[in-house]
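Start counting the sequence shown at 1074; every next residue gets the next number (the working numbering).
Keep in mind that the hints were calculated from the coordinates and are not lab data.
No experiment lies behind these values; they were computed from the predicted model shown.
Where a beta carbon is used, it is the ideal one built from N, C-alpha and C, also for glycine.
Fair warning: there could be bad hints in the mix.
Derived CB-CB ranges, DEER-like [said to hold, decoys possible]:
| id | residue 1 | residue 2 | range |
| --- | --- | --- | --- |
| 1 | ARG1173 | ALA1130 | 26 to 32 Å |
| 2 | ALA1146 | VAL1091 | 23 to 29 Å |
| 3 | GLY1120 | ILE1172 | 46 to 52 Å |
| 4 | HIS1099 | GLU1167 | 39 to 45 Å |
| 5 | GLU1094 | LEU1158 | 25 to 31 Å |
| 6 | SER1144 | VAL1091 | 37 to 43 Å |
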Amino acid sequence: MSDAMMGEERRSLFIISVAAELAGVHAQTLRIYERKGLIEPARTQGGSRRYSELDIALLRRIQELTNQGMSLAGVRMVLSLEAALAQAQARISELEGQIREQRS
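Take the sequences, apply the hints, and build the full model.
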């Protein structure tokens, strides 16, 4: 994904009620997820939450896991492991690129 596309996905566009609707949950659920450290929305200068496309995707993932019966502690662990896996895969791709460069 290009940096421009990532920038668009990270731009905080949605107020809490819209984010909740997009994620299929109640706004209070988003506040609970935030208190539990599962999501950290951007804030306006006035303190209002603003959610990005990436936040919405994360909220949908959290909802998917909780719908499968997972506790919020379990969700936190899964999200942490998924993030670690993504970092490891990115590093592997980077190293593979360096190896290809050295061989050519």
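**Request:** Can you let me know if the beta-carbon spacing of GLU1094 and LEU1158 is within 25 to 31 Å?
**Result:** holds (30 Å)
**Request:** Take a look at whether the Cβ-Cβ distance between ARG1173 and ALA1130 falls inside 26 to 32 Å.
**Result:** holds (31 Å)
**Range hint compliance [Cβ, GLY1120 to ILE1172, 46 to 52 Å]** = holds (48 Å)
**Asked** At the C-beta level, are ALA1146 and VAL1091 separated by a distance inside 23 to 29 Å?
**Response** holds (28 Å)
**Asked** Would you say the C-beta atoms of SER1144 and VAL1091 sit inside 37 to 43 Å of each other?
**Response** Given range 37 to 43 Å: violated, Cβ gap about 27 Å.
**Prompt:** Between HIS1099 and GLU1167, does the beta-carbon spacing fit 39 to 45 Å?
**Reply:** About 41 Å separates the Cβ atoms of HIS1099 and GLU1167, which means 39 to 45 Å holds.
Checked against the numbered hints given earlier, the structure breaks only hint 6 and satisfies all the rest.
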